[in-house]
Amino acid sequence: MSDNRLSRAAAACLAATMLVTAGLPAVAEDFKGKTLVVGTWGGDIERLLRQNAAEPLEKETGAKVEFVLGGSGDRMARIYAEKANPTMDVAFVNIYEAPQALKDGMVEAPDPNAPYFKDVWDGMNNGCYAMSLVGLGIAYNKKLVSKPPEWADMWKPEFKGKIALSSYPGSEGDGVLGVAARLAGKDEHDPDAAFGKLKELTPIAMTYTNLDEIFAMMDAGEVAMAPMISGYVLAALKTHPDIGFSFPKEPGPVLVRDMLCLVKNSPEPELAKKFAALALGVKNQTDYAEQLYFGPTNKNVKLSSAVSADVIDTPDEVKGLLQLDWPYVISQRASWTQRWNKEILGQ
Amino acid sequence: MPPSILLLLPALALSAVVFLAPFVWLASTSFRTQAEGSLLLADGLSFDNYVRLFADPFFLEVLLRTLAYSAITTILSLIVALPVARFIVTRAGRLKGILLALMLVPLVSGALLPSLGMLHLMGPLGVVNGAARLMGLPTVKLLGTPTGILIGLVQSFLPLMVLPLVNTLARLPTDLEQAAASLGAPAIAIWRRVILPLAMPGVVAGSVLVFCATFTSFVTPQVLGQGHIATFGTVAYQQAGQVLDWPFASALAMVALAMIGLLQAAIAIGSRLIRRQEAL
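Going down the list, the sequences are from chains W and S. Per this note's numbering, the first sequence runs over residues 9 to 355. Per this note's numbering, the second sequence runs over residues 661 to 940.
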């Protein structure tokens, strides 16, 4: 008796489910039960990607989007380790990791026929799709440094021991080496010149790994200047009235890009492309610029003049930036790391 | 095959999958190299990573520094932990459980949170230097110095010393101390000749734990050293997470493991020798 009732209830349930699913649009069926795995940085970037890409995609397709948060080094390790059997579909990496990942066959080459490829300024989709533009400039303590500094000001004797650098290797450190080499009349292809010049800044005040750390030391007057990447820094300045940010002119800020990669042979290539279109789309890139000061790569983004002044958002502005020979820089990574450990940090 | 082995099989199989397999992978990766201009592992095995590690004086310096930090942290922890453990065993009474639970908190909260807390205690505007400034005293630079790192390491790993000591001290019969006292031994002599020798198993266990934890620690030296001070953990992180030279980072990890293995072996042989001597 009870068995009978149970099976009848189950049948009713099944029928109801079938009715409900039949009512949904057909597209939702296609990706129902599928999960897209996206690896990116946590915090504001994750928040905007969730809001502008993941949620609309989930609504449109019925799929689920799962974020894996961490540094880009974690993601590189993961896609290389899983090359035979990838579980991550979309990975955000930085300017120098993307070409390496493409060269090693870990990611799909950017597709010149994709609409989101064409929306990006010409020549920026190197390795993967260009996601945002930022530049390495100088954050400075306004009480110690009277006007927005030029690179050469970091070498003034009154700031000896008060310059902080980021941890190495990373885009910041490579950028500073490129600048130091140019101040010595050479470029990054002459590492002796670069390290020789940078060594004049030692002992450095500290090596920073996050903004809170460096800003606390800057507010305390322990750090006068630190080369930092625009973007977050500009957003954080609102709560630190004594800290300023300068885009130097000689040479210009070093161009740095976040890249969006589609992992090769990933489980959900179609969903990944849809996600890429949303992430690179006008809405998300506008929010990136307005909230995070990350310059858009999408030609169709229109920014107010106030926002535009603080972000790198046109090809002309990009031309004024210092561009490093990243393939060469990467090829030197291991030996430069050792030189940095010994010559810049050496105890 | 005795049936007890069969009962163990599921647990052994699980250990093999989640512990042994990654370890074997790590060990084999340490003998691989990356092809020129690529992050992919090249074919063939070689000792290149180990040669590079031992040929570069930088890594020897890092190794010696890490060993020194481990030794100093162990000794400082022992000095701080002995009275604490003794207090918990003899005087804490009903508070014993609460004190032990409080000791455990830093262990279970991970290394990051206590280190970030210490960052704010030791910073130039932190509690220590802030108070010194208010009182017109000179400030001390703690962040980015060996002193700062050692304070953080002792704070992080103190529970690893206290817990084994509490365990051993609690099992000491109080009659022995009373007997020594009734025969006129002063407190120092009781500590030196009765309590400490009998507490040796706890001292050794705690020291091994603290030494190994310090040797392999990464977060505390990274956060409190402010990138100034390289230890084995921070260098391995730099190679794996930033340079992306996974084979070389694996070799660093293998050397750290070998050092810990050597230490354990030395202690095992040492205590066997001591026991043999006692038996004579």
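Be aware that a few hints might be false.
What the hints assert, rightly or not - Pair ranges (Cβ atoms, derived): (1) W/Pro211 <-> S/Tyr710: 41 to 47 Å; (2) W/Gly79 <-> S/Gly753: 34 to 40 Å; (3) S/Ala695 <-> W/Glu68: 22 to 28 Å; (4) W/Asp324 <-> S/Ala681: 41 to 47 Å; (5) S/Val677 <-> W/Glu158: 54 to 60 Å; (6) S/Val678 <-> W/Lys310: 51 to 57 Å; (7) S/Val711 <-> W/Glu68: 52 to 58 Å; (8) W/Gly78 <-> S/Ala791: 51 to 57 Å.
Don't read these hints as lab results, they were simulated from the structure. All of these numbers come straight from a predicted model, not from anything done at the bench. All C-beta atoms, glycine included, are put in the ideal place defined by N, C-alpha and C.
Status of each hint after checking the structure:
1. W/Pro211 <-> S/Tyr710: 41 to 47 Å: Given range 41 to 47 Å: violated, Cβ gap about 32 Å.
2. W/Gly79 <-> S/Gly753: 34 to 40 Å: violated (48 Å)
3. S/Ala695 <-> W/Glu68: 22 to 28 Å: The hint (22 to 28 Å, Cβ to Cβ) is violated, given that S/Ala695 and W/Glu68 are roughly 42 Å apart.
4. W/Asp324 <-> S/Ala681: 41 to 47 Å: This hint is violated: roughly 54 Å between Cβ atoms.
5. S/Val677 <-> W/Glu158: 54 to 60 Å: holds (57 Å)
6. S/Val678 <-> W/Lys310: 51 to 57 Å: Because 52 Å falls inside the window, the suggested range holds.
7. S/Val711 <-> W/Glu68: 52 to 58 Å: Taking Cβ atoms as reference, S/Val711 and W/Glu68 lie about 55 Å apart, which means the hint holds.
8. W/Gly78 <-> S/Ala791: 51 to 57 Å: Since W/Gly78 and S/Ala791 have Cβ atoms about 37 Å apart, the given range 51 to 57 Å is violated.
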